[in-house]
Every structure is written in C-alpha cells, then in structure tokens.
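Engineer: Chain by chain, the residues run as shown.
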Amino acid sequence: MTDATATTSPQNPARPAASLLQQTDRMKRRNAAEARFKAYGVAAICLSLSVLFIMLWTIFSDGLSAFRQATFSFPVTLDAERLDPNGNRQRDEMMRVTTIGYGGLLNDNLIAYLAERGIATDGVTDKEIAAFISRDTPARLRFMVLEDPSLLGQTIRFEGYATGRIDGYLKGRVTREIAELDVNVSVAQLDLADRMVEDGLLSLKFNWGFLTNPDASDQRPEASGLGVAMIGSAYMMLLVALMVLPLGVSASIYLEEFAPKNRWTDLIEVNISNLAAVPSIVYGILGLAIFINFAQFPQSSPLVGALVLTLMTLPTIIIATRAAIRAVPPSIRDAAMGVGASKMQVVFHHVLPLAAPGILTGTILGLASALGETAPLLLIGMVAFVANYPAGPLDGGILDPATALPVQVYSWASRADPAFIERSAGAIIVLLAFLLIMNIVAIVLRRRFERRW
Amino acid sequence: MSLAKLSVSALAIAAVSATGAFAQSRENVQIAGSSTVLPYATIVAEAFGENFDFPTPVVQGGGSGAGRAMMCEGVGENTIDIANSSSRIKQSDLDTCASNGVTEVMEVRFGYDGIVFASDINGPAFAFTPADFYNALGAKVLVDGAIVDNPHSQWSDFNASLPAQDILVLSPGTKHGTREVYDDRVLLAGCEESGAMAAMMAGGMSEDDAEDACMTLRTDGRNVDIDGDYTETLQRLENDRNAIGVFGLSFYTNNTDKLQVATMNGVVPSTESVASGEYPISRPLFFYVKLAHMDVIPGLPEYVEFFVSDDMAGPNGPLAEYGLVSDPALAETQEMVRNRVAMAPLN
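As given, the protein sequences belong to chains A and B, one line each in that order.
Under my numbering, the residues of the first sequence are numbered 256 to 708, in order.
Under my numbering, the residues of the second sequence are numbered 15 to 361, in order.
Check before you lean on any hint, since a few could be wrong.
Once the Cα atoms are required to be at most 20 Å apart in a straight line, the calculated SDA-like pairs of lysine to any residue come out as [as the list claims (entries may be wrong)]:
#1 K272/B with L633/A
#2 K189/B with R431/A
#3 K272/B with I536/A
#4 K272/B with L445/A
#5 K426/A with D271/B
#6 K272/B with E432/A
#7 K382/A with E335/B
#8 K272/B with I676/A
#9 K154/B with G218/B
#10 K189/B with I676/A
#11 K382/A with G218/B
#12 K272/B with R431/A
Derived by calculation from the structure, the hints in this document are not laboratory data.
If you're wondering where the values come from, they're calculated on a predicted model, not measured in any experiment.
Isolated chain B (complex conformation) (with noise of 0.2 Å):
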C-alpha cells in the first residue's frame, strides 16, 4: 500500500537527513542563564550577528542557576558555551564543572544592576530606608524595645514620614538572582538598622539564628513573592495599586510612565547613582565562559571581547543606554578576556 511506502520513505528521509548533518559541528555560540542578563546578552548578541560574519549566537533564559548547571553539564558541542548569571557563581558550582571536566571557566563581571522599589504613578511617593522593609515584611519586628509578631499594617505605623497606605510589597521569589541581594542588602542590612537584630541577638540567639530569623518574612499575605519575570510584577502592581513591586533599573526605565521609583536612604536609583555608590542596593551581573569551547567554536572568543568592549558595555553603548551601569574596571576586564584569565576556585 502506498501509504506504508511513504511512511518508510519518509522515515528514511529523517534518518539520513538526521546522520548526514552530524558530521557537522555547530557554528553559533550558545548562550543560556539569568532572565535579568538576557537583554543586555540579546543587544549584544545581535549587534554581533550585524558586525562580524559569524552568526548570531542563540541565547536562552531560565535562570542564573539553570544556566550555570547547563554549563557544568561537560565539555562537547552540545552543551552549552556561556552561562549567564545576576549572582556570582558558587563552588559547589565550580565543583560540579569540574567533575565533569570543565576545569577552566572564565568569570566576566560586564557590570552592574541598581534595584529599585518602585509604586504606581498615580499613588503617593515613597522615601524609603532598609529599616523601612524590614518593619514592613519582617515576621518578627522590634516594638517598643521588645520582639513581637509583626503587628504593622500600614506603613504610617512604624514611620510616620511614610503615606498611610496598605502594606503589600511585591518581592522577588526565592528563584531569582535578584532575591539574594534583596535579602542581603535590604532585609537583613533593614533588621541591623532598625535595631531587631541587637534586640535579638540580646534575647539569647545566635548571629546565624538571628540573621536566618531576619530573613524570614511575614506570611499573612502583605508579603507576596513573584517567581515570574518583573512584568508579571508589573501587572499585579497594576491590578493592585497599593502594591510596591521590586525591579531591575533597566526595566524601571522602560516603564516610567507607569511607575514611580521609590528613593533609598534619600538617593533616587539611577545608572549614575548606582555607579558612584551613592544608592544602596545594586549587584554585579556576570557571565561564566567555558575556556574548553574558545578555539572550538567559531565566534566564540570574538563575542566575548565585543561584549566587554567600550562599544558595548562602555558608558555611552547601548548596554548603559537600556539601564546597565557601566563596570568602571571594565579596561581591566578586556584585558583578563584577551589573556582568557581561568578564575580561580573561591573560598
């Protein structure tokens, strides 16, 4: 019957098709990891493909630590060749890499990220400090000198400076690169200042207990944590005008006309705020690139010169033009990349 002949022609034609293009190697780079580097390795990843005559890399998502895993996976054209990533990779990472035979990876810090807090436009405006955040979401806060379940409901209860509105922030989820910094450098640095960590540490706990105790956050649901990307942030913001959602700067700055950015101990987030200092929360954005693949894969080592090049990640390139702040050691970067400096183990 035809219909069988077709279908073993056809299977045929998968099969051959399938072997016939085994024997050749990949020609773009593959790139994958942190959905906040993804636009800046986009920009740079296109403006490669139009500028050099090798094709544009394929650069996926899913995350600092999915894209850091796929790295580690071994050495061979089909693992990946760079892993994006919003924190700094870990050696427990470093340790898997080398278990399965990446043994030199390249770190590359291309520059920073500022996070803001940011509220709808049409709502009053917000001066925040850490200690702010840390009496708003904590679920234990110090009042009146004792450590009690977080009775606080609006932020006018602890600060009277603060407009009296509902508490309900919109906090990165426990996936995000951005989390880590949040805890860090808002919640915990929130919980020294606000003296509930004293107060804590005073009551008989540990600095461990005291600090993990810090990091716990309220669960009657004026705490809400989003393991989307920030424009589904942006839409519960938007369904919920009470809300104060955490952001990347570059994305703040796409969307002014719907947001009001929220100050930090006085000092609006902006690239030149972030890049001096002054604003408080901000991160390095890196990626790891897999020394092994450099010779290997064509465009490889091209791409990651153009990438750290003044043209790209320099103050005035279109990296900085979309919210990145510039690294000021970035000359000392573009060195280590052409002398493709291995890192060494962290402790």
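So here's chain A without its partners, still in its complex pose (with noise of 0.2 Å):
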C-alpha cells in the first residue's frame, strides 16, 4: 500500500499531478470515445425513428382517405317495363336486362332528380352526368331487383358510390388543375359535383364497403374492398395456426427432452435454423410442385396457401419452443421425477405449462409474419382478382379461390387509376392495425403468465 501510494505521489516527476477533477488526455480521449459512441447510437435510432415516421406518415396521409367514400343518395323509380320486359317477374328473364340497362336507368333518375332539384347543369352532358355514378351501382341495384322483384314499380332511396374522380374531388386529392390535364373529368363536372354536395345529393360517409367489398376492376376503384382478402387471410391464419401449433410444439418436445443427443439430432437442429433462413418465395415454389402439383389441391385457395405458410413459419416456432421448454429450470423436473412422474407426466404436467407463455408468444410472432408474407402466395395462385367471397369454413370455403392482405396491397399498388394508391395505403393501415393487435396479444400473453426463475 504505501508502495502504491508513494509511486503515484505528486512528488513523482516521472508521473505528473493525476486527480480525478483534472483530466489528462489519455482520460480526456477515451471519455470523447465515449460519448462518440453514445452519440452514433442517439443518431442512428433517430435515423431509425424518423424514417419509421416518414414511412407511417406517407401510409396514413395516403391511406386514411380510403375509409370515406363519396356517396349518391336519390330516389330511384324501377321502371317495371325496363327492367321486366315480360312483366312476368321470372328470375331467368329478368335476367335478360343486363347491368347496362339498370346503368341507363339509374342515369335516366340522376338526371331527372337534379332538374327536379334545380340543380344546374350547364356545361356538362348527360354522358358525362352518368359518369359521375360508379359502374358499381347499377349491379348493385340488379342484385336488389333480382333479389326482390316487388320492388319494381317503387321508389326507393338508392345509395351509390360516385366515381374515383369525383371521390378524389371531395377528398381534396383531385384539384381543378388536375381536372384541366385530366381526359377522364372535366372542370364543369367538378362544378357540378360542388352543386350536389350543397343540395346534400352527394357526400361523404364512412366506407364500410372498403372493409367488406370484395376487390373491384380497375375501372371502378370506388368499389374495391377488403372483404375477399380479409376472409382468406382469417381462414389461413386459422388453418396455420391449427396445424403449426401440434407439428411445432410435439417436434420441440421430442427433441429437447427425448430425443438422444447424437450427431443425427445435431444435424437436424443445424437444419431447422437453416430452414429458418430459406427465403420465403421458396416455400411457394414447393408449394406449388407437392400441394397443387402432386397433390392436386385447388389452386388460389386458402387450405394451400396456409399449408405453405405452415411450412415457412414451422421452423421459427419450433426455435421459439425449445428457447422456452429450455427456459424451465431442471428443478422443476428433478422435482417431479422425485415424486414418482413418468418423463410424459413430467413434460405434460410441468415442463409444458410452464414454457406455454413463450410457445404461444413465439407462434403468434410467426403468425404475424405469415399474416404479412406474399411471396409464396404468389405462386399458388393467391395473387389475383377474385370478386366472389369464400364459402364459409365448414362448407369447403378453405377450398375456394380467396386473396391475402398483403397481396391485396400489391396488386393495388400496380394498377394505373390514381384512386388505387389511397386504397392500397388504406389496405397497408388495415394491415398494420392486424399486425399490432397480433402483436399486442403476444406481449399481454408475455406480462401475464410469463414466470421469472
């Protein structure tokens, strides 16, 4: 000790004055080094974060818009000699008038209505007035009509969406001086549009439609909906869920507590955490060669689809089981094998209640990332218009064509009307929203049954 304090005495001239208030540069160095690195870390989680803002706020100032929809309401008289030519109210011949007829009646209606209104239409013509009412309408209209042949000869209050121009008017997304570039809406029709918003003909509601429409064509954005994509991505997720849960768990339980410890299982594990990595689009080519190929399964329909991300996800969940099988302490066995359990009661009764927290935290995360996969779908023929919504899940409806969210947002983004970017960064919040629930689930899951050792 006095050793020590003698060599570090100021008396030393070999080693000037060291007091912890005065620096030297050597200290003055590694505590700049320091605060370097607290500083590239402050920066690169602000990078992060600001582009994590910038993404989130081009998605909602794009995509918020797509839950209102500009909509028609006026009275519609059903001509009962347009529409039943016959006038012998029979389904397969009143089949007969097609939607171009209950087109050109709805137009006759609209137009009737606003000069019974008053309202002005100078500038703008009958064709460009029937512009203004979806190619959506009159199908809905035949499907009531059909649906219910009392109805002709009445009037009745028909709501309608107005067309992606006009939509984009009162959403603020088309201006006048787009409307004057624009070959498909003119500046007398947004006049018009001004007039019928006044009058309460038109305006702008909650669109329900955009959750539960089924996907449209590209000439009637208005109509597109997430109905279709919803229901195929519940059903996989279902099914995924169904089948990667007893496959994972039961595969985790062999191997971390029966299993030998030999160089096949070694071999084995090295393979799940490679298969973990495989890219995900091969998933789909494999799906496509064993489930529709070999197989014969139907094509586009969700009980392949899910198959496929059953496949993709089963790694990742088995990785998650065994970190949390591993995560009960030994205790807990050498306890129970103590008192007599046999090694099934040990694993059945303890070992598994216990790590069912981190099973079912880590499913639902693979679950989220299977809920957001495209790519292999795209090979079984999920990425596609389908308009007709999936049977329910008893009546084979895991067997009929459906889409996913994600793909819905994809093949949004690719279509040439402007109206389909607000959808598709509408479909990426409803996608977000899913997500974060997911998400939300697991992490409540993880705060209230997880147990600390």
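Using the supplied hints, reconstruct the complex from the two chains, each of which is provided in its own coordinate frame.
Structural biologist: See below:
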C-alpha cells in the first residue's frame, strides 16, 4: 500500500499530478470516445425513428382517405317496363336486362332528380352526368331487384358510390388544375359536384364497403374493398395456427426432452436453423410442386396458402418453442421425477404449462410474419383478382379462391388509376392494425403469464 | 393433456374437410398471364360475374410467358383454363402444351394496345421518330458516316428539333411482352431509318448480326430497363423529370394529369390513330383457351363469348373506354369462338 501511494504521489516527477477532477489527455480521449459512441447510437435511433415516422406519415396521409367515400343518395323509380319487359317477374327472364340496362335507368333517374331539385347542369353533357355514378352501382341495384322483384314499380331511396375522380375531388386529391389536364374528368363536372354537395345529394360517408366489399376491376376503384382478402387471411391464419402448433410443439418436445443427443439430432438442429433462414419464395415453389401439382389441391385456395405458410413458419416456431422449454429450470423436472412422475407426466404436467406463454408468444409472432407474406402466395395463385367471397369454413370455404391482405396491397399498388394508391395505403393501415393487435396479444400474454426463476 | 387432444382433433378436422372437398369440382374459371391484359380481363370477369349466374372468374397476373407456361402444364381442374398474353404464343409453347396433353388451344385476339412515349407534364414537348430512339439508345450509332460508340448525351445532339434535355429513357424490361414490340417497331425500325443498319452491313456484318447489334442498347445509364409495372415507370419518371417513359395507351389515358404524350412520326397516339394504323407502334392482345376444358368448367364457354361480344370488346364497350383499341375483325373472332376453332401450328 505504501509503495503504491508512493509511486503515484505528486512528488514523483515521472508521473504528473493525477486528479479525478483534472483530466489527463488519455482520459479525455477515452471519455471522448465514449461520448462519440453514445452519439452514434442516438443518431442511429433517431435515423430509424425518423424513417419509421416518414413511412407511417406517408401511409396514413395517403391511406386514411380510403376510409371515407363519396356517396350518392337519391330516389330511383324502378320502372317495371324497363327492368322486366315481359312483365312476368320470372328471374331468368329478368336476368336478360343486364347491368347496362340498369345503368341507363340510374342515369335517367339522376338527371331527372337534378332537374327536379333545380341543380344547374350547364356545360355537362348527359354522358358526363352518367360518369358520376360508379359502374358498381347498377350491379348492386340489379342484384337487389333480382332478389326481391316486388320492388319493381316502386320508388326507393338508393345509395351508390360516386366514381373515383369525383370521390377524389371531395377528398381533395383531385384539384381543378388536375381536372384541366385529366381527360377523364372536366372542371364543369367538378362544379356540378360542388352543387350536388350543397344540395346534400352527394356526401362523404364512412366507407364500410372498403372493409367488406370484394376487389373490383380497374374501372371502379371506388367499389373495391378488402372483404375477400380479410376472409382469406383469416382462414389462412386459422389453419396455420391449427397445423403449426401441434406440429411445432410436438417436434420441439421430442427434440428437447426425449431425443438422444447424437450426430443425427445435431444435424436436424442445424437444418431447422437453416430452414428458418430460407427465403419464403422457396416455400411457394415447394407448395406449387407438392400441393398443387402432386396432391391436386385447387389453385388460389386458402388451404394451400396455409400449408405453404405452415411450412414457412414451422422452423421459427420450433426454435421459439425449444427456447421456451429450455427456459423451464431443470429443478422442476427433477422434483417431478423425484415424486415418481414418468417422463411423459413431467413434460405434460409441468414443463409444457410453464413454457406455454413463451410458446404462444413465439407462435403469435410467427403468425404475424406469415400474415404479412406475399411471395409464396404468388406461385400458388393467390395473387389474383377474386370477386366472390369464399364459402363458410365448414362448407369447404378453405378450398374456394381467395386472396390475402398483403396481396391486395400489392395488386392495388400496380394498377393504373391513381385512386388505387389511396386504397393500397388504406389496405396497409388495415394490415398494420392486425399486426399491431397480434403483437399486443403476444406482449400481454408474456406479461401476464411469464414466470421468472 | 388437453392441448394434445385439441391438436389431434384439429388435425382430424382439417383432414376431413380437405378430403370431403376433393369430391367437389371447380366452379370458377381460372385465368392467368399478361399484366397488360389483366385490367381488361378483370373488367370482363367482373361484368361476367354480375350478369351471369356463374361465379366471377379468378384472374392472376404474372406475365405473358408465365401464363402460357401455366396453361401448358396439362389438362385437369388444378390447371388454368385461359392464358392472357400480350404477345403471340410461340411454337415452343405449343410443343410443351402438346407434350403435356394440351392438344387443342384456341387463339383469341380481342383488340390492340398502343405503346406510347410520355414525359413529365411540365417538361418540354417531344416529337419523336423511331430513328431518334435509336440514336439516343443504341450502343453503336451512325455519326458522320461512321459507326461509333454512342456519343449523344442530349436529345438535341442528333436532332436539332428536339429539346436540349439529357437523354434518359425508361424502357420496358426484357421480361415484358411490350419489349418485343419495342425492339421491333422502335429500335430496329429506328436503326434502319437512321442508316446505321445499312452502314453496319456495309461494314461486313451479316443481316442477323446487324439486327442483334441494332437491339443492343447503351449501358452507361441513359437507358434504364424497368422490369416492374407501368406504375413503377411512372414513379421513376416523377423522381427524375428528365426521363421519357414507355407506357401502354390505357395507362396513359388514366394518368393524363401527370404525363404528356410524345408524337411518333407526327401522329398523336389515341385509340383512333392506333385503330387506323396511323400510329405505328401497337400490338395485338390475345388470350388462349384450353378447349379440353370448355364443357368441363362451368361458365368457360360463356365467359369467352362474353369477352369478345360487342358489349365488351366492341368500339363502344367498357374495354375501349379503358383504352383498348377495338379489333376491326371482331366479328370473325366471334364466329371462331362460337365454332371453337383450335389454332393451327405456327411456322
């Protein structure tokens, strides 16, 4: 001790005075290095946060308007002579009047209503007035009338979508400057839209259709919705959960608790880790070869999609489950063994219940990544235009064609009409909401049931 | 343990529902192929689903080549019924088809698509000839009577009537059906027109070699191949306002507020000028029907007939409104579809 104090004493000319209050050059350099490192870290976090913020901001500023929709509400007289020329109310004879016939009827009614309300239509031709009404509207009216022919001859109050450009004008996406350049809409039409809004004929409403309607063609962005995609995604997630949990959990239990540790299990372990890193498109190719070409499952069906996604998430879930099982302390196993439990009883009565929160968290996170997957679905025909809802899950709905949420984002993003950009961003918001919910459930499960030893 | 029981019963339910449904046959028409034909096919599919008692056909994109390959995989309910294509089928495709048992294929040409060149709406206007494109993009061009590596950096370098703007062209990628027409009608035509091809052949090249040389583009970044959709081209064009993009006529008609179209040989592209043949760059659009599926898949014959009906593909139909150039010989196609004529082998 005395030696040590002597060598560092201020009297020693070889070593200058060292005080904690007075920093040496070396000390300053070390402190500066630390400060720099912290600054790098803060900068990295700020950068990623700002990128995240920009991304969310663009998505929400583009997409929130998809949840509102310009809608008409006006009385429509269902002229029996036009819609049922033979007058016998037979469904197959009434079906000969196509949506074109119903479209004409709607246009005539709208023009008559404008005249009745005294809304000036200067500079707008009848054809341009007809272009206000979405092409989806005649189809819905026709469906209504075919379902209930007693409506014929009555005047009903009918609600229908306005076309994408008019919808865009009400939401501020289409401006007068754009309309001057755009061949699909004229400034006179926008003026008429203003008068319609004043009259209450046209208004922005919450767009339930965006969540319930099926996809629509390129000519009617206003009628497109996420209905089929949400059902498809729900079926797939359900099936993936049903298949991946038993498979993944039993594989992990076997590997962790029963399998001997030898070269074969090592090989399997390495392969599982490798499979978790295989690009998802590869599973799509596998799915196409095995489930569609060999097993003859139908194309575009949620069942095939779910099988492919199961294969894709299985390695991740096995890894998560094994980690959860390994986290159960050996003392629990020893204690159970000590009171005479069999290996099987130890696992199912003690280890598994204790590992369950970890397993569920891992499974939910695996499902969340499967929910956002598009690439493998491309090859099995789920990246498609599907306009019919799949049947219920017990009526073979898992074999009907369907799409999925991320697929809908992709196919809308590649369409020509600018109105689909808004829809695409809206679909991302819905997808993000689902992912957020799943992640919150995972966090809650972990917080609630996780035990620390 | 209940978890084990639950999982076993879940697997059993999945297995039962899967096998039970195998007995049922496919009820909807399945279509795949060209992303250029995709919007037309979805418009028809949607109208078909609304007006008939059949379910709406399922339409996939994926590209012309992929669609034809899927059609040629074989006959059966797990294969598609119709392949959409923005270029004509190749004999090699038909051979693959035949070797997989797809012997009878019906070729339906339902209209034409114009290919347009467009720039940013606020930029200067362009009036092109195919020779301008070759001079701008060819790897080797003719300058003062000699074939040299492309020295041009601005459009005005070789054609004083074009604006002094940096050359940047967003060409369709080689995967696109559009590329074939682009190579043939723009680059090759321009190569001949500018005299470069004659000069190459005079320099001792064979005709085939000269054609290949004509279609070889410069690689210094002034030509960018876009492998994605037209939306990607538009995005790039909005980021670099100097760029000239290659689009389908229908895509342009939907985005006239952002794009300004260039004339080609002095002709403004429109459905009329493409139909009359005045506008030189257009291509036919096809779909190919597997005849073996005709009476097996419900709704397939009706869909095909509905597609080529005057109500859909006619000059006043919704497809023309979307930008399709109606086929003047549509009546013959309708007749052929009614008789289900399989196509003859190509030479």
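Engineer: Confirm or reject each hint.
Structural biologist: Against the structure, the hints come out as follows:
no.: 1; hint: K272/B with L633/A; verdict: 31 Å, violated
no.: 2; hint: K189/B with R431/A; verdict: 38 Å, violated
no.: 3; hint: K272/B with I536/A; verdict: 35 Å, violated
no.: 4; hint: K272/B with L445/A; verdict: 19 Å, holds
no.: 5; hint: K426/A with D271/B; verdict: 17 Å, holds
no.: 6; hint: K272/B with E432/A; verdict: 11 Å, holds
no.: 7; hint: K382/A with E335/B; verdict: 13 Å, holds
no.: 8; hint: K272/B with I676/A; verdict: 14 Å, holds
no.: 9; hint: K154/B with G218/B; verdict: 15 Å, holds
no.: 10; hint: K189/B with I676/A; verdict: 25 Å, violated
no.: 11; hint: K382/A with G218/B; verdict: 61 Å, violated
no.: 12; hint: K272/B with R431/A; verdict: 14 Å, holds
Hint compliance for this structure: hints 1, 2, 3, 10 and 11 are broken, all remaining hints hold.
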